[in-house]
Each structure stands twice: as structure tokens, then as C-alpha cells.
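Colleague: Using the numbering used here, the letters of the sequence shown map in sequence onto residues 1 to 118.
One or more hints might be untrue.
Below, a list of computed lysine-lysine pairs in the DSS-like style, where the Cα atoms sit at most 27 angstroms apart [unchecked claim]:
| no. | residue 1 | residue 2 |
| --- | --- | --- |
| 1 | 33 | 112 |
| 2 | 33 | 51 |
| 3 | 62 | 51 |
| 4 | 33 | 62 |
| 5 | 112 | 51 |
| 6 | 62 | 112 |
| 7 | 62 | 103 |
| 8 | 25 | 112 |
| 9 | 62 | 25 |
| 10 | 103 | 51 |
| 11 | 33 | 103 |
| 12 | 25 | 51 |
It should be emphasised that the hints constitute simulated quantities derived from the structure, not laboratory data.
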Amino acid sequence: MTDTAARVRELNLYRRYFDLVAAGKKTTEVRVKYPHLADLAAGDVIRFRIKGTDETCDVSVKQVTEYPDFEALLDGEGPANVNPTATREEQLANIRSIYPPEKEALGALAIKIELLAP
Numbered sequence: 001m002t003d004t005a006a007r008v009r010e011l012n013l014y015r016r017y018f019d020l021v022a023a024g025k026k027t028t029e030v031r032v033k034y035p036h037l038a039d040l041a042a043g044d045v046i047r048f049r050i051k052g053t054d055e056t057c058d059v060s061v062k063q064v065t066e067y068p069d070f071e072a073l074l075d076g077e078g079p080a081n082v083n084p085t086a087t088r089e090e091q092l093a094n095i096r097s098i099y100p101p102e103k104e105a106l107g108a109l110a111i112k113i114e115l116l117a118p
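Using the sequences and the hints, build the whole thing.
Modeller: Structure representation (C-alpha cells):
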């Protein structure tokens with residue numbers, strides 16, 4: 001690859017998850033495998049934004065792993081990496097309240113992230 005500049009993607013994040021990312025406590029982000037995320041790869045940068053605000057934090061993508069559903073993702077990645085403040089069952093309920101079954105059917109992405117210095 002000749003392009004050495006990292007691609008920057010902007011993604012919205014709820015406050016409760018943003019705070020965990022900004023504190024370096026959340027190391028795996030969960031997303032549905034939407035077409036616009038299909039080429040997300042290690043080395044990319046994600047700029048998380050709280051919707052409707054100017055608050056952002058940047059993370060480096062370390063790895064992207066695809067799973068058939070959210071249960072497999074939590075089992076494969078470990079719930080504490082996704083949200084260290086909630087149980088596996090709470091996380092599954094929270095994720096499914098954000099993404100309905102038809103979205104989950106697209107596949108789930110576990111995005112390993114590392115907070116970048118501001």
C-alpha cells in the first residue's frame with residue numbers, strides 16, 4: 001500500500017460509551033457490518049463524536065473481526081473489553097436495543113481500538 005496517511009472515519013457514539021473510550025477503558029467497539037464499514041482495517045483512525053456536540057476522541061483501529069451475531073462477538077472478545085461496567089447479559093440487551101434483529105443479521109464487527117493522544 002503506497003498511501004501512508006491513515007483514513008479517518010467519523011462515527012457517532014452515545015455518551016456512556018464515549019466516556020469509556022475517552023478514558024481508555026473500552027478497547028473493543030461493536031458495530032453492525034454496514035457496507036460503509038466493510039473496508040475498515042487496522043491502521044485506520046476513528047473519530048468518535050457525541051451526536052449533536054463538538055466532543056470528539058480519536059482512536060486507532062488495531063484489528064477488525066467479523067462475527068455472525070452479537071452473542072458470538074461478546075463470547076469471542078470478552079464482555080469486559082466491550083463495556084467493563086456492564087454484565088454480558090446487560091451488554092447484549094443494550095446492543096440489541098440499538099440494533100434491531102434485521103441489522104444484527106448483517107453481521108457484527110468487533111473493532112479493537114486504542115485511544116490516541118489528543
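Colleague: Confirm or reject each hint.
Modeller: Here's how the hints hold up against the structure:
1. For a cut-off of 27 angstroms, the pair hint linking residue 33 to residue 112 stands: about 15 angstroms separates their Cα positions.
2. A threshold of 27 angstroms between alpha carbons decides the hint, and for residue 33 with residue 51 the separation of about 20 angstroms falls inside it, so the pair holds.
3. Of the supplied pair hints, the one linking residue 62 and residue 51 holds, its CA atoms being roughly 24 angstroms apart against a limit of 27 angstroms.
4. A distance of roughly 17 angstroms separates the Cα atoms of residue 33 and residue 62; the hinted pair therefore holds under the 27 angstroms criterion.
5. Of the pairs offered as hints, the one joining residue 112 and residue 51 holds, with about 22 angstroms between alpha carbons and a cut-off of 27 angstroms not exceeded.
6. Distance restraint check for residue 62 and residue 112: the Cα-Cα separation of roughly 5 angstroms lies within the 27 angstroms cut-off, and the hinted pair is therefore satisfied.
7. Between residue 62 and residue 103 the CA atoms are separated by roughly 24 angstroms; this keeps the pair inside 27 angstroms, and the hint holds.
8. This hinted pair checks out: residue 25 and residue 112 have alpha carbons roughly 12 angstroms apart, not beyond 27 angstroms.
9. The hinted pair formed by residue 62 and residue 25 meets the criterion: a straight-line CA distance of about 15 angstroms does not exceed 27 angstroms.
10. Under the criterion of a C-alpha separation no larger than 27 angstroms, the hint pairing residue 103 with residue 51 is consistent with the structure, at around 20 angstroms.
11. Annotation: proposed proximity of residue 33 to residue 103 holds, straight-line Cα distance about 8 angstroms (limit 27 angstroms).
12. For the proposed pair residue 25 and residue 51, the alpha carbon gap of about 20 angstroms is at most 27 angstroms, so the pair holds.
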